[in-house]
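Just so you know, the protein sequences line up as chains Z and C, in that order. Position one of the first sequence corresponds to residue 1 (UniProt numbering), numbered consecutively onward. Position one of the second sequence corresponds to residue 1 (UniProt numbering), numbered consecutively onward.
Each computed EDC-like pair below joins lysine to aspartate or glutamate, with the alpha-carbon atoms no more than 16 Å apart: (1) Lys159/C / Glu197/C; (2) Lys88/C / Glu100/Z; (3) Lys42/Z / Glu140/C.
Reference listing, derived: stretches of chain Z covered by chain C, where coverage requires no fewer than 3 residues with Cβ under 8 Å from a Cβ of chain C: (4) 40–50; (5) 107–114.
Hint data in this document are derived by calculation from the structure and do not stem from the laboratory. Don't be surprised by glycine CBs; every beta carbon is placed ideally from N, CA and C.
Okay, here's what each chain looks like letter by letter:
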Amino acid sequence: MPTSYSSYFYPLLKKHTTESEMKWLDSIPKDNPNALMTAFVKAPRFLSKTIIQEELEYQNLIPNLPGFQVNHWNFVRLSRVWFLSLLVTLPKDELIEKIETLFDTAELNELVALFSSLPILPYPQVWLPRATDAVRSNMGFVFDAIALHNPFPYHEFPELAWNQLVLKTIFNEKPIQMIYGLLERNNQNLSIGLVSFVKERWSAGRDVPPDVWQLLVPYLSEGELYLVETLFKSQRKEDVIAASLICSQSELNSYQLLGTKHPKFPEEIKNGKWDWSKLGNNH
Amino acid sequence: MCEKQSDLTTNPSHFENQNKTNDTPTHMDLQWDEYKDKIKGFKFFDPHIHMVSRTTDDYQNMAQAGIVAVIEPAFWVGQPRTGLSSFKDYYSSLVGWERFRSSQFGIKHYCTIGLNSREANNERLAEEVMEILPLYIYKEGVVGVGEIGFDDQTELEEKYYRLQLELAKEAKLPVQIHTPHRDKKRGTERSMSIAIEHGLDPSWVIVDHNNEETVKSVLDQGFYAAFTIYPFTKMGNKRMVSIVEQYGAERIMINSSADWGISDPLAIPKTAALMVSRGIPHDVIRKVTYENAIEAFAKSGQIQVSDFELNTPSDPNEKFHGNSVLRGGQLPKWNQNSLYID
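All chains, please: the whole structure from these sequences, using the hints.
Okay, here's the thing in structure tokens:
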């Protein structure tokens, strides 16, 4: 029988909800799938959207699900994911049918809850097409729910879908540092896409987010040295820092040599003043 | 086509009399650009507009004209839907994509959900739609069941109208009634009497697309009377001003019903400007273009006035919670008069 993580959510809900909110949550029959589905839809009529701020204690809510965290969720989202966690003990076909119906009829915030719940649902391959579709979404909240702070893509996405997720995060000007497993799944094909992206952006006279370059470092060859030379000429300080970081981390002599020609930031990098996380877009 | 020379005399050209002395213009259209300053500082709520048919240019213009919130009733998209899936996609767009798109322009988007009267006549499909409606009407931002009622005034239309009134009662949601274009007066009376028969409180029912013939009865029976300012058909805004002068502001609201037809998403601000120029007091204008709609639909518990009253972004460059519908760093507003597209 699939694991239900429901017990991890309940104490957190109890800790923060009001008495009347908890009364409503407790009143839902947990063994009635249709009641749980309706509760999933009705939740905002009975619960506040207070944001959960539990930085340390709940950084990793479920110990054997690294990367799954509920910080900055609101109670409605948390309750919805809890309702879904109660459905997982249904027979496989029934569970899939219920979840598919919820997806098919979902509004924006429901979609956010559904995509947030993917790491705790069994049968991940069943949800994979929906998850890769969510990356194509133009609704920012939906995109964020699958792309940021969600371990599902890291575990389940094939390389092509993973690379699209990273590229679209950059394209949408969202923080890549919030992608779970970003560096662990870095790969050659992604770097090819990124080099192309950099060239396109520069042709159009636009900038590239400086922390993107960290993904290119292991794959830059002599042929791309000119890109880093161009980056050093940028008027933006963070571009020059990024160029210095590339040179300080590259294993190629030509890059290391290029770095010595721009002595300002290597020193500050050594002192720990700069690293990729400090160049990131962390909103 | 004129085949004979004599036809010209029965179908005169507009220029035929141009040299006569008595053709000095006696009428000139008022220009919106010259009048929009009159409504500076007003906030508008359009309780009936089909944004699914409109462009982002419309959202930009609406936001600039002071429209801070809209209600999009579920209706007919111009051709019949062929299956349940297209209803699901449509309803999902009302509560999903359209709500998001609107938020990008600082406009709060609500909707009403229902099976429209035209499509009630397809019984097989209507039955299927009725089954999924409960999954939609409880959703966030759904402020009513609508727009429902009569089109051809058939038996099937009546059947699904009644079923949806019951659904609204159960969900404690207001009802938004579409009144028919043909045989309107009888259709309106019939809609109201059925609503009362089902035990609905008239103050929970918004009767839409009224005109001079229906308004008195709707107001006398305690319903909300909504008016659609829609060029060539429905209500013109000069007539609207006269109605407000005659009936006052109580339970009257104005909307655009802008959709895929020749319609105007700025119908409310334009009507407000006309009312200002006709000397109608500002508090009356505010009621019929903003407050009454909120009062009626807030009964759903789904309208938080603070969402659009406080810190409403007047600048369309504002992003919504840091999210944007815009692709690859686009700006929401660019100079459309410029030859350069950067």
